[in-house]
Structure formats: C-alpha cells, structure tokens
Amino acid sequence: MLLIAGIAARSSSSGTQHLHAQQQEAHSPRLSTTSSSSSSNSIRVVDNGARCSFSGICDGSSSRDCGPDGLGCVTSAKARKRHIEQAIKSSWRAYKHCAWGADQLAPLSCKPQLCPWVPYNSSMTLLGAADLLWLMGDSMRAEYKQARAWINDVITFERDFQADTFTLSMTFLGSLLALHDLTGDGMYLKKAINLADRTMVAYEASSSGWPWRNVNLRTGEVSGNVTNVGEAASATLEFSRLTYITGDKRYKRAAYQLWHLLDHAAEGTWDGLVNTWWDVTNGSWLPGPNGTLDATWGGMGDLAYEYMLIGGVADAVAAAAAAAAAAAPAPAAGPNDTLDATWGGMGDLAYEYMLKTWVLSGGRDKVRQQTM
Numbered sequence: 520m521l522l523i524a525g526i527a528a529r530s531s532s533s534g535t536q537h538l539h540a541q542q543q544e545a546h547s548p549r550l551s552t553t554s555s556s557s558s559s560n561s562i563r564v565v566d567n568g569a570r571c572s573f574s575g576i577c578d579g580s581s582s583r584d585c586g587p588d589g590l591g592c593v594t595s596a597k598a599r600k601r602h603i604e605q606a607i608k609s610s611w612r613a614y615k616h617c618a619w620g621a622d623q624l625a626p627l628s629c630k631p632q633l634c635p636w637v638p639y640n641s642s643m644t645l646l647g648a649a650d651l652l653w654l655m656g657d658s659m660r661a662e663y664k665q666a667r668a669w670i671n672d673v674i675t676f677e678r679d680f681q682a683d684t685f686t687l688s689m690t691f692l693g694s695l696l697a698l699h700d701l702t703g704d705g706m707y708l709k710k711a712i713n714l715a716d717r718t719m720v721a722y723e724a725s726s727s728g729w730p731w732r733n734v735n736l737r738t739g740e741v742s743g744n745v746t747n748v749g750e751a752a753s754a755t756l757e758f759s760r761l762t763y764i765t766g767d768k769r770y771k772r773a774a775y776q777l778w779h780l781l782d783h784a785a786e787g788t789w790d791g792l793v794n795t796w797w798d799v800t801n802g803s804w805l806p807g808p809n810g811t812l813d814a815t816w817g818g819m820g821d822l823a824y825e826y827m828l829i830g831g832v833a834d835a836v837a838a839a840a841a842a843a844a845a846a847a848p849a850p851a852a853g854p855n856d857t858l859d860a861t862w863g864g865m866g867d868l869a870y871e872y873m874l875k876t877w878v879l880s881g882g883r884d885k886v887r888q889q890t891m
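When the letters of the sequence shown are read in order and numbered with the numbering used here, they come out as residues 520 to 891.
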C-alpha cells in the first residue's frame, strides 16, 4: 500500500489538472451543475474530509456536484485512469523526495517516519507499494526497478530486534508473496522463505499451539506470552500461500494448528465466538476487564474470524463462524456479566478474513459444484 495518499497536492506545483472546458477553475468555491454559468445552477461543496482537502477528490452534496476541481464528474474510464496515474506518480515522487526508503512519510512536514511496530527502518511503504508500481506498467517501470533494487539490496530480516509475528506475516510476508505472484521474480520468494523460516520460531517454540507474539529474527528469542486471537490466527493466508508455492507443508501446518484449539474453545461460548486474550505458555484464556470472557468482533479478534472463512479451516469451525454471524442480539443483562462482542474495532478483521480464507481454500468452488 502507499501510505502517503493525498500528498500529491503538497508535492507538486502543478496541482490537479483542469478536466473539461465547461468545468470551472480548480479552486472555485461553487460549481455549475451544467455547462451554463448561471449562478442559479450552482451548489456548494460540503466535503470537509482529509481526502478532499489534500487530494481535491471530494464528495459533494449531490450526484451533480463535481467537487472544487471537477474530479467528481469524471465518468470516462480513460479519464479516470489518467487521473489515477497522475495521483500515483505525484505521490511516489513525494515519497522519493521526502522519505525514500523510509517506513512512512509525514506529508505535511515532508519528513520520514518509523513504523511504530518495528524498532528500525524497514522500508515498509516501499515494500508495500512495489506491487502497485508493477501494476502501473510501462508508465512506472523505472520506478518499479528502482524499488526492486532497494528490496533486493537493502531490505533484510537478519536484524537483532523483537518484532511481532502479526506485522511480519501480514505486512512483510504478504507483500513479498504478492510481488512474487505478480512478477514471478524468484528474489521475492527467496526473501519470503527466509522471513517465514525466522517467523516460524514463534510457532515451533510454543508448547500450547499458540504462537508467541514476538520473535527476534536473528537470535530466535521469543517473548510476549499474552496474545490475542485476531493476531495469532491471522497468518493462515500468507503461510498457506507459501505452502502452495513451495510445497513445504510446515508453514500451513504451523498457522492452522491454532484452529483445532479454537474449534474446542468455541464450544459453550456465545454463538461460536471465542475469547480474545490467551496465555501462550499454557493455552488458557485470559479474562477481560470484568473478569469474564472477552469476545469481540472488532480489533484483537476480527482477523481470526475473517481468516477462518478464507481458509475453510474445518466444518466444525465454519459452523461456529456461521453461528456467530447469525447470532441474535445479546440477552438483556448487566455490563459485568455479558460477553463484549463487537463488529467494530478490536474484532472486525477476524470476521472479514473468514470469507477470504474460505474463498482461497476452494470453498467457493465447492458451493458452485453443489448448486449447479
């Protein structure tokens, strides 16, 4: 991903382009809904969001509102393509100018920033955006080659620091596998295998089946005995893909062993939900703030349920997921004796990844065969 969306307006003196002769000036506070300049046909822009203020791409008060620069009225696929290319190129130029090779860019100050989850610069933006540069084709082929050279020569996973397995698998391993799938370049696969082997220590060092939350990529030292179900169960997509590419079943087996534990953990809980926090050392659940099970659809739990369906983990787990999805409202009770389940933050990703895992594991094909 490009973590620098919206910097185009700050990084380029050219700004956004005028679209058509009938559209007004880019910074006009009012827009005509027709080719006529009559003020009676004008409406005021109401989008005060960050995207609108930084990129000029705004949502108006009606479908007739083009936005201050007219981008809201671009309906031609060719024209949209042109503006998307301009935005990507402008953003990438700003990243190269202000924060080349850095994890993140602070767009207003034009300064590089470290990712808060990694204690050293890991070029997270560059790695995550390289597949986008590839997808841009010939128009950004030179930029892609430059990014590839950086990944090949600079990015390494032999650092002496504690990194959380969640970020390692989703952000770094996922980006490398995506690049390999798109380009067929063996360099990305080689780095993906190297990273996965170092991350696997967090699984292999656990006697409970729950991966340690952190691992030192150089020494193999693990830490973080308290983990949450969302992070612990979210490596199934990347690890199963790596198994599919390499034929090495260790990766998928390590990521999927947790689901057998979750299958049993869901028994007797509210409509298939499982507790959020777990002790890696013995595999026991940890109570929430109220001393009871702390199950959630939101952050810290969401990824588990999303990946459950993506991978089609098991019929029993799928049944638990279906029960959770169809759950009735919680029975009336006091705040201290109910589960804290949510669709939102701290739980949402779990249920999103359910579907992704199910699709990638062939679940869609199975349903198609049964219904045709």
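Take these hints with a grain of salt, some might be off.
Derived PhoX-like pairs: lysine-lysine, alpha-carbon spacing no greater than 25 Å straight-line [as the list claims (entries may be wrong)]:
| no. | residue 1 | residue 2 |
| --- | --- | --- |
| 1 | K709 | K771 |
| 2 | K664 | K709 |
| 3 | K709 | K768 |
| 4 | K615 | K630 |
| 5 | K597 | K608 |
| 6 | K630 | K597 |
| 7 | K615 | K600 |
| 8 | K608 | K709 |
| 9 | K630 | K664 |
| 10 | K630 | K709 |
| 11 | K630 | K600 |
Please keep in mind that the hints were generated in silico from the structure rather than gathered at the bench.
For each hint, the structure was consulted:
This hinted pair checks out: K709 and K771 have alpha carbons roughly 17 Å apart, not beyond 25 Å. With a C-alpha separation of about 18 Å, the suggested pair K664 and K709 falls inside the 25 Å cut-off, and the hint holds. With a C-alpha separation of about 17 Å, the suggested pair K709 and K768 falls inside the 25 Å cut-off, and the hint holds. A hinted pair counts as satisfied when its Cα atoms are at most 25 Å apart, and K615 with K630 qualifies at roughly 11 Å.
Proposed proximity of K597 and K608 is supported: the alpha carbons are some 17 Å apart, at most 25 Å. About 34 Å separates the Cα atoms of K630 and K597, which puts this hinted pair outside 25 Å; it is violated. A threshold of 25 Å between alpha carbons decides the hint, and for K615 with K600 the separation of about 22 Å falls inside it, so the pair holds. Using a Cα cut-off of 25 Å, the hinted pair K608 and K709 is violated, with the two alpha carbons roughly 29 Å apart.
For the suggested pair K630 and K664, the alpha carbons sit about 24 Å apart, so the restraint of at most 25 Å is met. In summary, the hint linking K630 to K709 is not supported, as the alpha carbons are separated by about 32 Å, beyond the 25 Å threshold. A distance of roughly 29 Å separates the Cα atoms of K630 and K600; the hinted pair therefore is violated under the 25 Å criterion.
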